[in-house]
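Asks: Residue numbers (my numbering), protein chains in the order written: chain F, 2 to 407; chain C, 2 to 407; chain D, 94 to 469; chain H, 94 to 469.
There could be a bad hint or two in this list.
Taking lysine-lysine and the BS3-like style, the derived pairs with C-alpha atoms no more than 27 Å apart in a straight line are [as the list claims (entries may be wrong)]:
| hint | chain 1 | residue 1 | chain 2 | residue 2 |
| --- | --- | --- | --- | --- |
| 1 | C | Lys245 | C | Lys146 |
| 2 | F | Lys402 | F | Lys245 |
| 3 | D | Lys364 | H | Lys364 |
| 4 | C | Lys106 | C | Lys146 |
| 5 | F | Lys351 | F | Lys245 |
| 6 | H | Lys364 | C | Lys402 |
| 7 | F | Lys183 | D | Lys206 |
| 8 | C | Lys402 | D | Lys206 |
| 9 | F | Lys180 | D | Lys206 |
| 10 | C | Lys402 | C | Lys43 |
| 11 | C | Lys313 | C | Lys106 |
| 12 | H | Lys206 | F | Lys402 |
| 13 | F | Lys402 | D | Lys364 |
| 14 | C | Lys180 | H | Lys364 |
| 15 | C | Lys245 | H | Lys206 |
| 16 | F | Lys43 | F | Lys266 |
| 17 | C | Lys180 | C | Lys146 |
| 18 | D | Lys364 | F | Lys245 |
| 19 | F | Lys180 | F | Lys106 |
| 20 | F | Lys146 | D | Lys206 |
| 21 | C | Lys183 | H | Lys364 |
| 22 | C | Lys180 | C | Lys106 |
| 23 | C | Lys146 | H | Lys206 |
| 24 | F | Lys183 | F | Lys146 |
| 25 | F | Lys351 | F | Lys266 |
| 26 | C | Lys106 | C | Lys183 |
| 27 | F | Lys183 | F | Lys106 |
| 28 | C | Lys245 | C | Lys402 |
| 29 | C | Lys273 | C | Lys351 |
Simulated from the structure, these hints should not be mistaken for laboratory data.
Only a predicted model underlies this, so the values are computations on that prediction, with no experimental measurement involved.
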Amino acid sequence: MDLAYSPEENRFRDEVRAWITQNFDAPMRAMMAQSKNGYLDKEGQRLWQQRLYERGWVAPEWPVEYGGPDWTHTQRSIFYEECAGAGCPQVIAMGVKMVAYVLMKYGTAEQRARFLPPILRSEEFWCQGYSEPGSGSDLASLQMKAERGGDDYVLNGSKTWTTLAQWADWMFCLVRTSKESKPQAGISFLLIDMRSPGITVAPIVTLDSPMPGQQEINQVFFDNVRVPVSQLVGEEGQGWTCAKYLLEFERGNAWAPTLKHQLRKVREIALKEYAAGAPLFEQADFRRRYAELEIRLSAADASELRVFSGLKAGQSAGADANMLKLVATELQQDITELAFEAVGIYGQAKVRDTWAELQNRPADPRPGPVYAAPAAPAYFNYRKVTIYGGTSEIQRNIMSKILFGL
Amino acid sequence: MDLAYSPEENRFRDEVRAWITQNFDAPMRAMMAQSKNGYLDKEGQRLWQQRLYERGWVAPEWPVEYGGPDWTHTQRSIFYEECAGAGCPQVIAMGVKMVAYVLMKYGTAEQRARFLPPILRSEEFWCQGYSEPGSGSDLASLQMKAERGGDDYVLNGSKTWTTLAQWADWMFCLVRTSKESKPQAGISFLLIDMRSPGITVAPIVTLDSPMPGQQEINQVFFDNVRVPVSQLVGEEGQGWTCAKYLLEFERGNAWAPTLKHQLRKVREIALKEYAAGAPLFEQADFRRRYAELEIRLSAADASELRVFSGLKAGQSAGADANMLKLVATELQQDITELAFEAVGIYGQAKVRDTWAELQNRPADPRPGPVYAAPAAPAYFNYRKVTIYGGTSEIQRNIMSKILFGL
Amino acid sequence: MNLSLTEEQVLMRDTLRSFLADRYAFDTHRAILESESGWSANCWRALANELGVLGASLPETLGGSGGNAIDNLVILESMGRSLMVEPYLSTVVIGGGLLSRLGGALAEALVPKIVSGEVVIAFAWAEPQGRYELSDLRTTAVRSDGGYLLCGHKAVVVGAPWATHFVVTARTSGGERDAEGVSAFLVERDTAGTSLQSYPTVDGGRAAELRFDQVRVPAHHLLGEEGQALPMLERVMDEAIVAVCAEGLGVMRRMLDETVEYAQQRLQFGKAIASFQVLQHRMVDMHIAIEQATSLVTVATLKLDEPPRERAQAASAAKVQTGRALRLVGQSAVQIHGGMGVTEELAVGHFFKRASVIQHQFGSVDHHLRRYAERL
Amino acid sequence: MNLSLTEEQVLMRDTLRSFLADRYAFDTHRAILESESGWSANCWRALANELGVLGASLPETLGGSGGNAIDNLVILESMGRSLMVEPYLSTVVIGGGLLSRLGGALAEALVPKIVSGEVVIAFAWAEPQGRYELSDLRTTAVRSDGGYLLCGHKAVVVGAPWATHFVVTARTSGGERDAEGVSAFLVERDTAGTSLQSYPTVDGGRAAELRFDQVRVPAHHLLGEEGQALPMLERVMDEAIVAVCAEGLGVMRRMLDETVEYAQQRLQFGKAIASFQVLQHRMVDMHIAIEQATSLVTVATLKLDEPPRERAQAASAAKVQTGRALRLVGQSAVQIHGGMGVTEELAVGHFFKRASVIQHQFGSVDHHLRRYAERL
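Assemble the whole structure, with the sequences as input and the hints as a guide.
Replies: Written out as structure tokens, the structure reads:
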């Protein structure tokens, strides 16, 4: 065992870092520093993703034939470390990191040709239609109906927790095409044009009180929406298989690089805040709490390294993936909580539109230091991470089954 | 609301304190300081309890007609606070605080006349025969058979976790007298002479590695043991009712006074131990941990006060009793854990016979300070408190049912 | 020893709760918060005139009902259950309490108007650099013309937009964190040189940055003795701590109720999620946390008249225990609500935000653990 | 970057585990611990001669197999799984490692005998007043006749009753806690003036109080430079920390295995207690704690050659994470075993006791959290 990188790998890191310095420009940095959820606005996201696309780096995991950069696992991990370390926005997952894999595996040649290139160029944004008001942890109980009517499916029902639906051109969606068999078997995987008549996107206001249009999640209503049968992926009734296949990719991401950046921001705050005349970071209690988080984060980071470096190509991380999600999300919440504490009394002040000055909208003068504003919204908002993608309770249920057969 | 005591109550406190100073003598104090489980040895316990008996204070909760002192709730709580505060041994519960109440409620006049006076005078010690190897949390599944044979029941089977069975003259015992009905209904409550032929008491060695004869718990085997029918309490099949009745008393004790004494001992250790040239108690980290425990303990103490002072005579504390047990036992474990940490490196040294010097048995010279020896055994031993009397998991199950109807 | 409420207290509690259920239900509450002013002057007047709540804990000689700190506890717990934002804590507990204890002409002039709802007070103690330390002051008051000239910046003064008067701490001598030289003043809202920058707070309240530029304060508005106010302010702070904890108890009780109800209704895998043992135990732990905190808040309330060390330890202990409970109860309530918990649609999220702010208000758990430990 | 074991390491691990399963099963282990000497000299010789384990991590030039710290990790993890008490840590990791790095005549004389099992070393660093601080020394060594005279008292020297040699820290100059003036010596067991008070430890091992009364130590038994040994000893300590953590991983894995098995067999309320969700989640948390600790122990092992600050932080981080895990896993294992968990009848209690000692060995969680935080 050793932890060293090869000279080529170090050169690659330099190359990535230099590119980021040039392309993650000052306006983007300023906006990310005031982001409450880790994204830019729609235009910013598109611009950033298109810069990555032009460099050939927007889809590190894609096979070369579809436009991937043909990196080793280590290169990918260096790339993500550098992006996260610089505080870059994440590439929106639903296109590049989700539906694309399903299309590659289960899509027809026509579907791949139609959809993959615009995903890669960030010309079309996607959203995910899985959860429904009555189906959260128990996804297989989903009810949204898709009935055959000629060459179309006719959709009625609603999807919820739909991240960035208001930006999306397309939705990939699980629908119920049959009621007869066991719940998993009657589900199909459809691609839906978000401009179809009968679709309504209603924002869901989360605890961080987002500005209109900046909301993260939505409920999407379907009223006799017609979707051509050609937009079915795989066979009818194969939707659950597609969803499970996709899940393996969703859980295979490294969390630690982003968390390290978030924790470093807490340190910067604590160096600026004062307690009894000295920087807060010098106060023993605060320092100890910071150290505890840094140690837990090192453990999470090293665990990701151990798990991913131990995987053979195509192998899934199994219960380890659940563990990494559990550990990382709990850490992330604790980091946002420490940030909320670090900003002190100004954490209480509400600055709803943290981007107003940057985007030349009218803004009230801010109370308190500029870093204080996103702290409370981020703490509130990040309660979501132990809920979405399978609650922490569901993760533990799954792990118990995999590890102990219980 | 107010927290003040009346002048009479303060006088009563002085009276108790003076009596303890005289009667909880130096040899007893020395032995208690080296006790790993909060008891003296058998002779010591008997002596202490008989001194209490002579003063009329051995059974504070007993009705006057049976020899109780006719105290108010506040007097009782003052008495227990003073006893615990001085580090006195507890009165062994099985006689005075357990079987006695069942006899008062369900026993015949003959049974009360035969058994209550020797309990009060600590002439006869008792043990409790409830748990069996296969029946712990699920007590109603107990299997030990009592079959009628003439004027006797004939007992076969075994009881376990039997605290101080090796000292006991009598056991009160739940046995299965019928298999036909639902499990609770076939259980009866018997009084068993421990000298009956066919009884074998086998010590169970707990993690604190007690010396032979000093063990806390035992397994008791019954091989065709004959018990006269006259030693049945209540009706045949009424055992579960008796057990439930008894449980209300078992859960009604205040824990906080004892815990305060245990925590104070940790403080004394931390004032004597050194860290970087100063008393450990001056070290900020240690002090913070101590403060955290002291605060939790104050909350437990005040909760006991709130619960007990809110009860009307004869009323049971319900879910509050489970809460008090849960909170107190978890605290107690954390206190023993902090003591184990406070004694430092000498916590590792094993002094199995901590009473050897006191009782003139041959003893190796002790490594480390005298207060270090009981720390690790106590930490190990007190793991039991979240297991016996209903595990913490069972307590939470019960509370969920009572509080939320779940 | 006696830990029961008096009949009057029980009556007041029940009256207040039914008033709040009626006039401060969740939808009304949201409308009030989203209104221009962000509070309900109507409700405030009703508390004064219809219910007599504002005078409950204040002396009869000054127009109150002669109650005590337990009345404050009962009132704030009830207000917490309804997420009431109106400034009872700063007006009655802090302002009313402080003036009543000081007595004199100022008290005689103002306390009756607190009771009648005409005077509303905000407590301006924190400064940007001060981090929960009462004596960490850059605001200064200099004697001038038989009065004082006040200069400085007070941070996040909760309720200031609604206040008619401020209780302001300032340094009349000594260095930035000295115990000596701390003074307190009553400043009228519209005194020349006073400026307010008002804004909403993340928990639905309103606050302001208060800036004083050569503000003239008459000598009889000095509260207590010049330069010797710290012991008095420490007591005020302990009262504020206990009061905000009491409010926290109400917030937590409501979160637990909402959570149990939601868990019983929400079906997944064909059964109510309340049937899962892990969630049952979590809800039991929430209940225990609330009960344990309640005990220490009660004790701290009863110890407000004890000597400073005991009083401070009791208040800090209550804040530590309540702070931990708020975290556990708040986070668990949101988690058990799942996706719905992170939206503003249900009440639980609003309670969680208020709980999160109370955790830090008047000092975080770490701060009060340190304060307690220093006094061991 | 590469986080896989070499083929040799895998082979050694499997050989060692099957040896331990065969020759150090739980009953044998108990018999060994209860024997007069408290260890198995036979097993020790077998580790040396049959398995070559004692030389695995030591240099080939000194008779070892030329392995590295990862070999130590693998070996100690396996020993932890079997609760092996024999002094591999102090003899090979500390003694062998230190001598090999120093080189010279002493290393050439002793390391081959470590490999062959003839030399057994105990590490005498702690003192009654010292509380985990290497430099808090009252033991002194004074130059005399071309050598040193050693005086002092070393506390709880683990493995001392079996040792042929001691590595002893002592002060050759400076005040009680100075960084300068710390020296280290190799002391032969039977040197005149050395006395041992041997006793068992609560986790089944053996230790001794070592007292030196004018013990003459030849100059060539000075390890490193006089008065400048602290940096060297800090490294030794970091190696010891990482090693005891590795043992802890084995202890925890075994506790989890025992717990899962017990929970699957133990019936209550008509079903296996493993079917209760609360216990399932607890066991998952035990697994996660072990995995997260494993990651940091691995990283710390790979960072032993880094500069002192990075090395110390990595070692302390591993100890903090492992310490917390040992507590969670140990306490949960006992709790899930119920009554049987608090008896000496089952293996789990013995593992719990060893786990509890490892938590504090070479410094508690609080100690290492402070050490880490000081280096932030």
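Asks: It remains to establish, for every hint, whether it holds in the given structure.
Replies: Hint by hint, here is what the structure shows:
1. C:Lys245 with C:Lys146: holds (20 Å)
2. F:Lys402 with F:Lys245: Holds: Lys402 (chain F) and Lys245 (chain F) sit about 16 Å apart, inside 27 Å.
3. D:Lys364 with H:Lys364: Holds, at roughly 20 Å.
4. C:Lys106 with C:Lys146: Since the Cα atoms of Lys106 (chain C) and Lys146 (chain C) sit roughly 25 Å apart, the hinted pair holds (cutoff 27 Å).
5. F:Lys351 with F:Lys245: violated (40 Å)
6. H:Lys364 with C:Lys402: holds (20 Å)
7. F:Lys183 with D:Lys206: violated (70 Å)
8. C:Lys402 with D:Lys206: violated (49 Å)
9. F:Lys180 with D:Lys206: With a Cα-Cα distance of about 69 Å, the restraint between Lys180 (chain F) and Lys206 (chain D) is violated, given a limit of 27 Å.
10. C:Lys402 with C:Lys43: violated (40 Å)
11. C:Lys313 with C:Lys106: holds (19 Å)
12. H:Lys206 with F:Lys402: violated (49 Å)
13. F:Lys402 with D:Lys364: Holds: Lys402 (chain F) and Lys364 (chain D) sit about 20 Å apart, inside 27 Å.
14. C:Lys180 with H:Lys364: holds (20 Å)
15. C:Lys245 with H:Lys206: Roughly 67 Å between the alpha carbons, so the hint for Lys245 (chain C) and Lys206 (chain H) is violated.
16. F:Lys43 with F:Lys266: Judged against 27 Å, a Cα distance of about 24 Å means the pair holds.
17. C:Lys180 with C:Lys146: holds (9 Å)
18. D:Lys364 with F:Lys245: Holds - the C-alpha atoms of Lys245 (chain F) and Lys364 (chain D) are around 24 Å apart, at most 27 Å.
19. F:Lys180 with F:Lys106: With a Cα-Cα distance of about 26 Å, the restraint between Lys180 (chain F) and Lys106 (chain F) holds, given a limit of 27 Å.
20. F:Lys146 with D:Lys206: Distance ~63 Å between Lys146 (chain F) and Lys206 (chain D) Cα, so the pair is violated.
21. C:Lys183 with H:Lys364: Measuring from Cα to Cα gives roughly 17 Å; hence the hint holds.
22. C:Lys180 with C:Lys106: holds (26 Å)
23. C:Lys146 with H:Lys206: Violated, at about 64 Å.
24. F:Lys183 with F:Lys146: Satisfied, since the Cα-Cα distance of roughly 15 Å is no more than 27 Å.
25. F:Lys351 with F:Lys266: holds (20 Å)
26. C:Lys106 with C:Lys183: holds (24 Å)
27. F:Lys183 with F:Lys106: holds (24 Å)
28. C:Lys245 with C:Lys402: OK: Lys245 (chain C) and Lys402 (chain C) at ~16 Å, within 27 Å.
29. C:Lys273 with C:Lys351: holds (20 Å)
Comparing the model with each earlier hint shows violations of hints 5, 7, 8, 9, 10, 12, 15, 20 and 23; every other hint is respected.
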